[in-house]
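Number of protein chains: 2
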Amino acid sequence: MIDTNEISWDESARVKETLSEYADMIMEVIEKYLPETNCLQRKAADAARYSMYAGGKRIRPALVMEFCRVCGGEPETALPVACAVEMTHTFSLIHDDLPCMDNDDMRRGKPSCHKAFGEAEALLAGDLLAVKPYEIIAQAALHKQLPEETALRIISLLSELTGLGGMIGGQTVDIGLSGQTPEVSTILEMYRMKTAALLEFCCKAGCLTAGADASTILTAGTFGQRLGLAFQIIDDILDITADEKLLGKPVGSDSAQGKHTYVEAVGLDEARKTARSLSEQALELLKGFSDNSFLVGLTKMLLYRQY
Amino acid sequence: MIDTNEISWDESARVKETLSEYADMIMEVIEKYLPETNCLQRKAADAARYSMYAGGKRIRPALVMEFCRVCGGEPETALPVACAVEMTHTFSLIHDDLPCMDNDDMRRGKPSCHKAFGEAEALLAGDLLAVKPYEIIAQAALHKQLPEETALRIISLLSELTGLGGMIGGQTVDIGLSGQTPEVSTILEMYRMKTAALLEFCCKAGCLTAGADASTILTAGTFGQRLGLAFQIIDDILDITADEKLLGKPVGSDSAQGKHTYVEAVGLDEARKTARSLSEQALELLKGFSDNSFLVGLTKMLLYRQY
Numbered sequence: 001m002i003d004t005n006e007i008s009w010d011e012s013a014r015v016k017e018t019l020s021e022y023a024d025m026i027m028e029v030i031e032k033y034l035p036e037t038n039c040l041q042r043k044a045a046d047a048a049r050y051s052m053y054a055g056g057k058r059i060r061p062a063l064v065m066e067f068c069r070v071c072g073g074e075p076e077t078a079l080p081v082a083c084a085v086e087m088t089h090t091f092s093l094i095h096d097d098l099p100c101m102d103n104d105d106m107r108r109g110k111p112s113c114h115k116a117f118g119e120a121e122a123l124l125a126g127d128l129l130a131v132k133p134y135e136i137i138a139q140a141a142l143h144k145q146l147p148e149e150t151a152l153r154i155i156s157l158l159s160e161l162t163g164l165g166g167m168i169g170g171q172t173v174d175i176g177l178s179g180q181t182p183e184v185s186t187i188l189e190m191y192r193m194k195t196a197a198l199l200e201f202c203c204k205a206g207c208l209t210a211g212a213d214a215s216t217i218l219t220a221g222t223f224g225q226r227l228g229l230a231f232q233i234i235d236d237i238l239d240i241t242a243d244e245k246l247l248g249k250p251v252g253s254d255s256a257q258g259k260h261t262y263v264e265a266v267g268l269d270e271a272r273k274t275a276r277s278l279s280e281q282a283l284e285l286l287k288g289f290s291d292n293s294f295l296v297g298l299t300k301m302l303l304y305r306q307y
Numbered sequence: 001m002i003d004t005n006e007i008s009w010d011e012s013a014r015v016k017e018t019l020s021e022y023a024d025m026i027m028e029v030i031e032k033y034l035p036e037t038n039c040l041q042r043k044a045a046d047a048a049r050y051s052m053y054a055g056g057k058r059i060r061p062a063l064v065m066e067f068c069r070v071c072g073g074e075p076e077t078a079l080p081v082a083c084a085v086e087m088t089h090t091f092s093l094i095h096d097d098l099p100c101m102d103n104d105d106m107r108r109g110k111p112s113c114h115k116a117f118g119e120a121e122a123l124l125a126g127d128l129l130a131v132k133p134y135e136i137i138a139q140a141a142l143h144k145q146l147p148e149e150t151a152l153r154i155i156s157l158l159s160e161l162t163g164l165g166g167m168i169g170g171q172t173v174d175i176g177l178s179g180q181t182p183e184v185s186t187i188l189e190m191y192r193m194k195t196a197a198l199l200e201f202c203c204k205a206g207c208l209t210a211g212a213d214a215s216t217i218l219t220a221g222t223f224g225q226r227l228g229l230a231f232q233i234i235d236d237i238l239d240i241t242a243d244e245k246l247l248g249k250p251v252g253s254d255s256a257q258g259k260h261t262y263v264e265a266v267g268l269d270e271a272r273k274t275a276r277s278l279s280e281q282a283l284e285l286l287k288g289f290s291d292n293s294f295l296v297g298l299t300k301m302l303l304y305r306q307y
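Top line first, the protein sequences correspond to chains S and B.
Quick note, the first sequence lines up with residues 1 to 307 if you use my numbering.
Quick note, the second sequence lines up with residues 1 to 307 if you use my numbering.
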């Protein structure tokens, strides 16, 4: 078992409080960018809002805002980008849950988007959340809330790390592995794309909004990658070991779907070691940032989470 | 019947030649932005390339480049935006053909993307083509091929007219009308979003790349809306009257799917009148542009097309 003493109750409580403050800020802007509507086409908006409001830890927007802060910026500056990445993340969840993909009926303890709204509506809600982030970031720059070049770099990075070299690419590898016996390196490369790329984006984009230098952005990106890989491996571990009620989805659903996971390839103990090693690398990278206690606490909390 | 004499053989040949020249330019940049790859995740790229290369008239990129030209710019300047809009259009075709949407097995005379590559792969190929355009436009600006503010305005406009107020919104209305008896005005509003919004984008974005003034951009956008509505109504007419081999998909598929069309609501004769009136309004708007012979010819050609 992992030693849960490495994060104190106090530290954990402080991380959760900050996460919750960031989450409140994010929900406020989501309401602004994706308001309730009575328009003809409201069903896609309703489905998108359902999934955006379905909970989740809001780790990605918190990373964007916190990296902005530790690089000397105001977290508020990063809010449009933080909202954009939460939409991108939610788009991927909605599409991943569809019957032709993972066919998951439940998400975060509630019916998944297509179960609640229908498949076509969920597909369109995902599409909506895939393209909306770019309008949000561009508009922030056009309204002088972000420098133009910064916004363009963030837009390009989001598209790149969401696309073939990132999230969508990783999902493609994932579904392609069904019925095969992949190398461990293939599974890790899939995780790098599927999960770590978007976390890399969050950390880099946060730095960019604060006008950080290239070397800082690079370090933050590497931190995001390590954290992302650790996060995904821990997800796999929890898929086997977690309490179903806490996890909010059926335990063992990965293997039931014939999914290839790192845990399956190397075993639980080795997977725990890798997750710990990656988290330690992530913590080491954080030493390059002053005032990093939230980031350190968050990294530890994600390593020791039970769901 | 519509009087096909209104476009001469010579004029039609010239329009087709220019369209073909623009199409060649576009295919060259598509190859650059979406090259063949041997990467792990190539299946999504292959599926996206399959649909991008499946033909089509490439009207949208031609509109972008031609509006750039008639506003005094070099069409080459508009190439990244032209490629971006063709990707956006192709993303919508791939997702629209999926079983949970229109369930079309054929597209442009070939198996649709999910028939050729599988549903999950087609979903991901569409997702890829939904986000890639923003990287392309942002990179064009970061490489000084477009002014930064122009790129940001184009990015915002593309996201807006692809999103809830445009293409995705229109598709949402379309699937929501199944089993209902919609007002004619609802059908037209659905067409405005589903088809006309992206054509509006093309015309406006072309003007933007040439640095045109606000009033010119507005006129071009209204032209795109009128053309788009006419285009969609003619699509409905052809769905009933066209030669299946020329159309590249089964005739009558709209009504077989229980789709509500303008033709169904007002009849063939009235629909033809509306399409003609919209095209005349579009032609009138083109008088605001000098050197408009290609745009005039294209508008006429789309009105008199047989497939």
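It is worth saying that the hints were derived from the structure and are not from the lab.
Be careful, since some hints might not be right.
Given that identical chains are not distinguished, each listed pair holds provided it fits within a single copy or across any two copies.
What the hints assert, rightly or not - Simulated pairs of lysine to any residue, SDA-like, Cα-Cα distance not exceeding 20 Å:
id	residue 1	residue 2
1	K16	M27
2	K144	S156
3	K115	C100
4	K43	K259
5	K43	S185
6	K32	E76
7	K144	K259
Evaluated hints:
Taking the shortest alpha-carbon separations for K16 and M27, only the intra-copy value of 16 Å comes in at or below 20 Å, while the best inter-copy value is 51 Å. Proximity of K144 and S156 under a CA criterion of 20 Å is satisfied in both settings, with 18 Å inside one chain copy and 14 Å between copies. For a Cα distance limit of 20 Å, the shortest separation of K115 from C100 qualifies both inside one copy, at 13 Å, and across copies, at 13 Å. In this assembly of identical chains, K43 and K259 lie within 20 Å of each other by CA distance solely across copies; the values are 18 Å between and 32 Å within a copy.
For the homomeric pair K43 and S185, the shortest alpha-carbon distance between copies (19 Å) is at most 20 Å, but the shortest distance inside one copy (41 Å) is not. When the C-alpha separation of K32 and E76 is checked against a cutoff of 20 Å, the pair qualifies only within one copy, where the shortest distance is 14 Å, while the shortest distance between copies is 37 Å. For a Cα distance limit of 20 Å, the shortest separation of K144 from K259 qualifies neither inside one copy, at 45 Å, nor across copies, at 44 Å.
The structure fails to meet hint 7 from the earlier list, while all remaining hints are met.
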